[in-house]
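Chains as they are written, first to last, in this note's numbering: chain A, 2 to 476; chain B, 420 to 618.
Derived from the structure by calculation, the hints contain no laboratory data.
Errors might be hidden in some of the hints.
Computed list of lysine-lysine pairs in PhoX-like fashion (alpha-carbon distance at most 20 Å, straight line) [what the hints assert, rightly or not]:
{"id": "1", "chain 1": "A", "residue 1": "Lys115", "chain 2": "A", "residue 2": "Lys313"}
{"id": "2", "chain 1": "A", "residue 1": "Lys262", "chain 2": "A", "residue 2": "Lys232"}
{"id": "3", "chain 1": "A", "residue 1": "Lys115", "chain 2": "A", "residue 2": "Lys453"}
{"id": "4", "chain 1": "B", "residue 1": "Lys592", "chain 2": "A", "residue 2": "Lys14"}
{"id": "5", "chain 1": "A", "residue 1": "Lys14", "chain 2": "A", "residue 2": "Lys137"}
{"id": "6", "chain 1": "A", "residue 1": "Lys115", "chain 2": "A", "residue 2": "Lys137"}
{"id": "7", "chain 1": "B", "residue 1": "Lys422", "chain 2": "A", "residue 2": "Lys14"}
{"id": "8", "chain 1": "B", "residue 1": "Lys592", "chain 2": "A", "residue 2": "Lys313"}
{"id": "9", "chain 1": "A", "residue 1": "Lys278", "chain 2": "A", "residue 2": "Lys232"}
Small disclaimer: the values here were computed from a predicted structure and weren't measured.
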Amino acid sequence: MTEPTSSGPSALKGWLVFGAVLVAVLVIGLILATVLERRAEASKGQRTLQPIGAWESDSSKWGVNWPHQYASWKATSEKDTATKHGGSYQHDLLAIDTNNVILFAGYAFSKDYKQARGHFYAVQDVQETGRDISTKPGTCWTCKSPDVPRLMAQMGPAKFYDTPAKDLYNEIKTSIGCADCHNPDTMALTITRPALIEAFERQGKDITQSSHQEMRTLVCAQCHVEYYFKKDEAKGQKAYLTFPWDKGTGVEDMDAYYDEKQFTDWTHPISGAKMIKMQHPDYEVYTKGIHAYRNVSCADCHMPYKTEGGQKFTDHHVQSPLLNISNSCAVCHRWSEDDIRSRVESIQDKVHHGRLVAEEALCKAHFDIAACKQAGATDEELADVRKTVRKAQLRWDYVAANNGMGFHAPQECQRILADAADMAQQCRVACARILAKHSVTDPVVYPDWSTKEKAQDLIKHFGKDGTPPSLLQAH
Amino acid sequence: MLKYLLCLGFVPSAWKLPIMIALGTFAGLGILTIHVSRAPSYLSDSPETCMNCHVMTQAYVTWNHSSHRNVATCNDCHVPHDSVVRQYAFKAKDGMRHASMFTLRMEPQVIQLSSGAVPVVEQNCRRCHEQLVGEIHAREWTPGDNRCWDCHREVPHGRVSSLSTAFDINAPKLPGVLDDPHKMQTGGREPRPTKETKP
Numbered sequence: 002m003t004e005p006t007s008s009g010p011s012a013l014k015g016w017l018v019f020g021a022v023l024v025a026v027l028v029i030g031l032i033l034a035t036v037l038e039r040r041a042e043a044s045k046g047q048r049t050l051q052p053i054g055a056w057e058s059d060s061s062k063w064g065v066n067w068p069h070q071y072a073s074w075k076a077t078s079e080k081d082t083a084t085k086h087g088g089s090y091q092h093d094l095l096a097i098d099t100n101n102v103i104l105f106a107g108y109a110f111s112k113d114y115k116q117a118r119g120h121f122y123a124v125q126d127v128q129e130t131g132r133d134i135s136t137k138p139g140t141c142w143t144c145k146s147p148d149v150p151r152l153m154a155q156m157g158p159a160k161f162y163d164t165p166a167k168d169l170y171n172e173i174k175t176s177i178g179c180a181d182c183h184n185p186d187t188m189a190l191t192i193t194r195p196a197l198i199e200a201f202e203r204q205g206k207d208i209t210q211s212s213h214q215e216m217r218t219l220v221c222a223q224c225h226v227e228y229y230f231k232k233d234e235a236k237g238q239k240a241y242l243t244f245p246w247d248k249g250t251g252v253e254d255m256d257a258y259y260d261e262k263q264f265t266d267w268t269h270p271i272s273g274a275k276m277i278k279m280q281h282p283d284y285e286v287y288t289k290g291i292h293a294y295r296n297v298s299c300a301d302c303h304m305p306y307k308t309e310g311g312q313k314f315t316d317h318h319v320q321s322p323l324l325n326i327s328n329s330c331a332v333c334h335r336w337s338e339d340d341i342r343s344r345v346e347s348i349q350d351k352v353h354h355g356r357l358v359a360e361e362a363l364c365k366a367h368f369d370i371a372a373c374k375q376a377g378a379t380d381e382e383l384a385d386v387r388k389t390v391r392k393a394q395l396r397w398d399y400v401a402a403n404n405g406m407g408f409h410a411p412q413e414c415q416r417i418l419a420d421a422a423d424m425a426q427q428c429r430v431a432c433a434r435i436l437a438k439h440s441v442t443d444p445v446v447y448p449d450w451s452t453k454e455k456a457q458d459l460i461k462h463f464g465k466d467g468t469p470p471s472l473l474q475a476h
Numbered sequence: 420m421l422k423y424l425l426c427l428g429f430v431p432s433a434w435k436l437p438i439m440i441a442l443g444t445f446a447g448l449g450i451l452t453i454h455v456s457r458a459p460s461y462l463s464d465s466p467e468t469c470m471n472c473h474v475m476t477q478a479y480v481t482w483n484h485s486s487h488r489n490v491a492t493c494n495d496c497h498v499p500h501d502s503v504v505r506q507y508a509f510k511a512k513d514g515m516r517h518a519s520m521f522t523l524r525m526e527p528q529v530i531q532l533s534s535g536a537v538p539v540v541e542q543n544c545r546r547c548h549e550q551l552v553g554e555i556h557a558r559e560w561t562p563g564d565n566r567c568w569d570c571h572r573e574v575p576h577g578r579v580s581s582l583s584t585a586f587d588i589n590a591p592k593l594p595g596v597l598d599d600p601h602k603m604q605t606g607g608r609e610p611r612p613t614k615e616t617k618p
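Isolated chain A, as found in the complex (with noise of 0.2 Å):
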């Protein structure tokens, strides 16, 4: 008997195997795939929601939910977010901008000014801040965490904004996320904050009449917006949380409220001139720009939609555009990260040149009138120039406490610009007269601001009790 070497059955019974396999490979994996196939079928769509509580405040609670949105929140707790003009990290806006300490003298901006960071610290960063609050009222905490919409339900919104921050500290302990924009039962998004849905009442609009799109930027706009806290003595409050904006949402029109309700955030001690301190005209700023004439929503630009796995989400790491260019901007403006972001910072360079014309301006005539005063002028005499440097500051701070260096309505931020500039020099030449009325045509002599140190070292000879060096040149 020999071996079987190339034998016709030996080889048939071979191939046979080898089919047999192929066969049963085949069917196994074809069993494996539609498993994995109805597996995945079985999993899309049917998700168990937990229920989320009134006022829940811990965002983690919402995360089991939504983990997409709530690991994009997280995001906000990035620091390394530098843009050209911006980026929610912390820097000293007062060593940057030399100019500031000298333009909010006396107030506690000229103390500590700092770029606040993400959502995800806005609980800690007044906790650290130098402009202590701990003297302040409630109201200092209203945007800052959603435990306030639980603490307004429980004690009414009067009592809250009434309470000194201080006896907040222990309640409030998150800082900004899910329950201050969403409906924990629909997620439909939702306006926790009674200020901003009494601003709309005062101008006739109900706020509840908004559309979805409206809604993903007026969320926003319970917080980035200017306010101040009214008093309202028949009604027995120091504090109540307001937006300046029964005459409308323009820079005049909060100059016309404003002087109409003698308002005055702080008497400068340079000129002594009542000034009023612009917050965060965001929302205000944006209404007079291109992207809000286009129904442009904040959610648009700052919270893009993004897929991950084929699975579309708000992306909830709020931050500023140029930190996600492809994603916000180029969804409309299909060219390159590199063209969007030159053209976006060529922008905003035009609006700091004009913001720092502006700040030039100011600052020199607040010394002039300081220099006014030292050559014996009164009250009386520069009652005008000091009503003028407060309107002029006013529309400065407009833009420059406004978010995005003017991005959000650049032309708006030039004509206001131009305006404040103009206003602030228009001051200084006033002041001229009233200085050569009483005998003085020389010059002002202008001090040195050009550190932080300096420039607070400077503004202290300014106080009621210091002596402020002498402006006018020694003959």
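Given the structure of chain A, go ahead and fit chain B onto it with the hints provided.
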């Protein structure tokens, strides 16, 4: 000779069974992979092929709602048509790039034409719209010139475009592994006209 190969004459007989089992396994897995990944579809012109991975869903959906859906498929615009060799070479190169990016999860949220794809698409605009281009005496494209879509911005994928623009629900569903691979659900729309019924 053929018989020698078929009967594995070069293999010691004790190894024949294990080798046949191994060969069968590899062949089975190979066929399975080709089937599950819908590999044969890549040789076709069917636009549904481009949606095998969900990244192209929005491109498909926007095209499927545009006037171009009646006259041009993905390949008509996105691969060159001047020679069959170039056509398949380009398709293979682009395909490998897409497959690698998708597998490594490196796809950008906003997909734009690559520098290699730009002249191809421009050529194809001109190829079909030859008469119009001739009438306006459009010259050959030279650096600094605009592309067709610098003005015709909405053709055919719309003005606003990112991976999130279209919901997956608007796209036809890919057939399951046991379904007829040619059967494509149309996502509620009438079936696309076939080449023969083109106007």
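Practice task
Measure nothing beyond the straight line between the CA atoms of B:Lys422 and A:Lys14; if it is 20 Å or shorter, mark the hint as holding.
Solution key: Given pair B:Lys422, A:Lys14 holds - Cα atoms ~14 Å apart, limit 20 Å.
Exercise for the section: Would you check the hint for A:Lys115 and A:Lys453, treating anything up to 20 Å between C-alpha atoms as holding? Expected result: 13 Å, holds
Practice task
Please work out if A:Lys115 and A:Lys313 have their alpha carbons no farther apart than 20 Å.
Solution key: 35 Å, violated
Exercise for the section: Starting from A:Lys115, check that the Cα of A:Lys137 is at most 20 Å away, please. Expected result: 19 Å, holds
Exercise for the section: Starting from A:Lys278, check that the Cα of A:Lys232 is at most 20 Å away, please. Expected result: This hinted pair holds, its Cα atoms lying about 16 Å apart.
Problem - Given hint A:Lys313 paired with B:Lys592 - CA-CA distance at most 20 Å - result: Distance ~17 Å between B:Lys592 and A:Lys313 Cα, so the pair holds.
Handout entry: Pair hint A:Lys14 and A:Lys137, alpha-carbon separation not exceeding 20 Å
Key = Violated. A:Lys14 to A:Lys137 sits at ~92 Å, over the 20 Å cutoff.
Practice task
Mind checking the alpha carbons of B:Lys592 and A:Lys14 for me, to see if they're no more than 20 Å apart?
Solution key: 43 Å, violated
Problem - A:Lys262 paired with A:Lys232 [C-alpha distance capped at 20 Å] - result: 10 Å, holds
Hint compliance for this structure: hints 1, 4 and 5 are broken, all remaining hints hold.
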